[in-house]
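From first to last, the protein sequence lines are chains A and B.
So that you can map any letter, position 140 of the first sequence is 305 in the numbering used here, and since no number is skipped, the others follow by simple counting.
So that you can map any letter, position 141 of the second sequence is 174 in the numbering used here, and since no number is skipped, the others follow by simple counting.
Read the hints as simulated data drawn from the structure, not as lab findings.
The structure presented is a predicted model; accordingly, all values stated were derived computationally and were not measured.
Just so you know, even glycine gets a beta-carbon here, dropped at the ideal spot from N, CA and C.
One thing to keep in mind: the hints can contain errors.
[To be verified] Sample of chain A residues at the chain B side, in silico, Cβ under 10 Å:
(1) Arg-210
(2) Ser-266
(3) Ala-273
(4) Asn-287
[Stated by the list, open to error] A few chain A residues that don't get close to chain B, going by computed Cβ distances all over 10 Å:
(5) His-250
(6) Asp-344
(7) Pro-457
(8) Arg-476
[As the list claims (entries may be wrong)] DSBU-like cross-link-like pairs, simulated, lysine-lysine; straight-line CA separation at most 30 Å:
(9) B:Lys-98 with A:Lys-178
(10) A:Lys-438 with A:Lys-472
(11) B:Lys-162 with B:Lys-98
(12) A:Lys-438 with A:Lys-456
(13) B:Lys-162 with A:Lys-206
(14) A:Lys-206 with A:Lys-297
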Amino acid sequence: MLRLPRFRYLRPKDAREAARMAADLGPRAMFVAGGTDLFPKLKRRQFEIDTLIGLDFLPRSVRNGTDECVIDAGATLAAAAHDQHLNIRCAGYAQAAGLVSSPPLRNAGTIGGNLCVDTRCNYYDMTYEWRKAAGFCIKKDGDICLVAPSSPRCWALSSSDTAPMAIALDGMVSLSGPDGERELPVAALYRDDGIQYMAKQPSEVVTALRLRATPQTRSAYVKLRRRGSIDFPIAGAAIALVLHGDVVSDCHIVLSAVASHPLEARAAEEFLKGRPLEPEAIRQAAELAAKPAKPLDNADLSHFWRKRMVRVVVEQALRQVSDQQAGLGG
Amino acid sequence: MRGEIARDVERIVLVLDVNAERRELLVPVHKTLLEVVREDMQLTGTKHGCELGECGTCTVLVDGKPQLSCLLLPIQLQGRSITTIEGMATGSELHPLQTAFGELGAAQCGYCTPGILLAAKALLDDNPKPSRDEIREALAGNLCRCTGYVKILDAIQLAAERSA
Ligand SMILES: Cc1cc2nc3c(=O)[nH]c(=O)nc-3n(C[C@H](O)[C@H](O)[C@H](O)COP(=O)(O)OP(=O)(O)OC[C@H]3O[C@@H](n4cnc5c(N)ncnc54)[C@H](O)[C@@H]3O)c2cc1C
Ligand code: SF4
Ligand code: FES
Ligand code: FES
Chain A
166 MLRLPRFRYL RPKDAREAAR MAADLGPRAM FVAGGTDLFP KLKRRQFEID
216 TLIGLDFLPR SVRNGTDECV IDAGATLAAA AHDQHLNIRC AGYAQAAGLV
266 SSPPLRNAGT IGGNLCVDTR CNYYDMTYEW RKAAGFCIKK DGDICLVAPS
316 SPRCWALSSS DTAPMAIALD GMVSLSGPDG ERELPVAALY RDDGIQYMAK
366 QPSEVVTALR LRATPQTRSA YVKLRRRGSI DFPIAGAAIA LVLHGDVVSD
416 CHIVLSAVAS HPLEARAAEE FLKGRPLEPE AIRQAAELAA KPAKPLDNAD
466 LSHFWRKRMV RVVVEQALRQ VSDQQAGLGG
Chain B
34 MRGEIARDVE RIVLVLDVNA ERRELLVPVH KTLLEVVRED MQLTGTKHGC
84 ELGECGTCTV LVDGKPQLSC LLLPIQLQGR SITTIEGMAT GSELHPLQTA
134 FGELGAAQCG YCTPGILLAA KALLDDNPKP SRDEIREALA GNLCRCTGYV
184 KILDAIQLAA ERSA
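Excised from the complex, chain B in its bound form:
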């Protein structure tokens, strides 16, 4: 902790591809992707929970794979394609997973939902007909304190069946 505040802040020009849009930003190099999307891009759909890699609520997709934005440094992600929850719907049309979550009540407080939707999207993009256990495994890094998970698993299965 000693002397940290006195240290200069190194700012860098970042070029990030977020939700298929190229963004150029001047930000401190020590800000995490979670902080940059929420505070510098105003994409507040990505939530912050533990900020230590333990809860999954900050999940984004990097080149289509779920990763935890609270533990990612934007400088390491230049040239990679980043998807946040804001990039999941197409215009005003919801992603089939979002529709299924709404219909089955798979979100209660909704805080875990953006991360879970993205983890589920990555799963279905890779494996359109996952088994219940494969869905469970894909969501193993995402905690939900409200639903008890059953409706979340049901909604993912429903979306998969509809897209088949």
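So here's chain A without its partners, still in its complex pose:
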């Protein structure tokens, strides 16, 4: 059997205490929420820790206001995917949460865990024995990158479905550290590095996510994966935009699983602003959005095909948003 390593389990009563424990213990300890990312990785010995700090105290509600939705970090992906108000006001977010992994995993996995989910790579998400046989890489136990051997860095992929959507919806995360609380734009939570992919302090706990949910905002998420039932994304497009009449006045396009962080497609965003959301504009914006995506050969299916598909998922997501405008979707 693939068993978990031996560890101690600490049960702090709140986020501040959890953060203090994490600060005291350093890299020996990790937080655990639903465990759906952490436990498989511990079984494959991708982390070496001797202590888990349980985040069972995290609240789990979804609170809907007029112009924003606040989701507690402990809310499950299933709860977010099924929340009625969220499905109307932040349709793309509810869609993204409902497309993560499979139904039983969404009953355990949390939205906080999904924001912090580890980056992925075909050479890294393997058992210890596999990695030992193939040769370890920089992300764990080795000193070269097996995908890009001449590169000094790791190119593991940001694989969260909800993070790009949260960025597109101007999301803000609440963090609780050993010395206090702060709020940060979700985009500022990530770094362009496959190993140190999070910009927050390791001891900071994500406690809540706040999303823009004005009635004018339309959003959609389209995900590409081999099996629609369970797999991680190999490309994805998160779109949120505001229309005045049929003209785009504000626009966010963020891509999943094409870089070590959720990738904002700025040229496409700028191109769409001030234009009507028509088929030709959608087509050109999708071309522009796909340009900065440079997938490497470290995820499922061929990276040439994945690169070509980025344009397609962006175009599909923009079309969904445009149909919502016509009253067909969302």
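Position chain B with the ligands relative to chain A; hints supplied.
Chain B with the ligands only, in chain A's frame:
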């Protein structure tokens, strides 16, 4: 991997509600629910497959919702109600889903069956008349290598019709 074996094992007293029975156990904190039900409670109806969250054969119900016991820590489940396949029949009377699976031959090797039955039970408890697509979606996390799924979907539909 280094130094793992030398580490002390932290044992805890767990109070778990399994199949409507309260059980008290002394177990290592790092054992998964799958390991605890199979090895410490001798409830071997719950099967182990991938042990990584990918196949669904280890599915149990936690407060009525399907979850994967290979990725659950019992210490996080105290006070929650856990149902394994052993808790599905009432005494010697099979659950309507079990009867329908038997009648239609929806199990071949049977390895995926406990997990699928529990996922299907959660679906019908929540939505007694699901569409074919809703059944498919509810089973999206459960793999079957034998049947090709058609008979499984048929059996769930039959059980739903009979209970209506
Ligand atoms: C078969 C399979 C398929 C999957 N498919 C997908 C997929 O398609 N898309 C996808 O996005 N994910 C996928 N996942 C990964 C995972 O299920 C989800 O990302 C889930 O949302 C993780 O949440 P969790 O609560 O289980 O996190 P955990 O596993 O508990 O934690 C994940 C990481 O986040 C940290 N963490 C958790 N909560 C917090 C917090 N509040 N504050 C600070 N740090 C925290 C943990 O320390 C850990 O590093 C899949 C997993 C499996 C096993
Ligand atoms: S991108 Fe390179 S260094 Fe990073 S996990 Fe993959 S093989 Fe390892
Ligand atoms: S054994 Fe748990 S999902 Fe495969
Ligand atoms: S009956 Fe054999 S795996 Fe489903």
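A quick look at each hint next to the structure:
Restraint check, Arg-210 (chain A) versus chain B: the minimum CB separation of about 6 Å is within 10 Å; hint holds. Below 10 Å, beta-carbon pairs count as interface contacts, and Ser-266 (chain A) has one with chain B at about 7 Å; its hint therefore holds. A distance limit of 10 Å between C-beta atoms decides the matter here; for Ala-273 (chain A) the minimum to chain B is near 5 Å, and the interface restraint holds. Against a cut-off of 10 Å between C-beta atoms, the interface hint on Asn-287 (chain A) is violated, since the closest Cβ of chain B lies about 15 Å away.
The beta carbon of His-250 (chain A) is kept farther than 10 Å from every beta carbon of chain B, the shortest such distance being approximately 20 Å. Interface exclusion of Asp-344 (chain A) from chain B stands, the closest Cβ pair being 28 Å apart, more than 10 Å. Interface exclusion of Pro-457 (chain A) from chain B stands, the closest Cβ pair being 31 Å apart, more than 10 Å. Its beta-carbon lying about 27 Å from the closest one in chain B, Arg-476 (chain A) satisfies the requirement of being farther than 10 Å from that chain.
For a cut-off of 30 Å, the pair hint linking Lys-98 (chain B) to Lys-178 (chain A) stands: about 26 Å separates their Cα positions. For the given pair, Lys-438 (chain A) sits about 25 Å from Lys-472 (chain A) by alpha-carbon distance, which is consistent with the 30 Å threshold. Taken as a hint, the Lys-162 (chain B) and Lys-98 (chain B) pair is honoured in the structure, with Cα atoms around 17 Å apart against an allowance of 30 Å. At roughly 18 Å between alpha-carbon atoms, Lys-438 (chain A) and Lys-456 (chain A) fall within 30 Å of each other, so this suggested pair holds.
Distance check on the hinted pair: Lys-162 (chain B) and Lys-206 (chain A) sit about 38 Å apart at the alpha-carbon level, beyond 30 Å; violated. Between Lys-206 (chain A) and Lys-297 (chain A) the CA atoms are separated by roughly 15 Å; this keeps the pair inside 30 Å, and the hint holds.
Taken one by one, the earlier hints fail for this structure at numbers 4 and 13, listed in ascending order.
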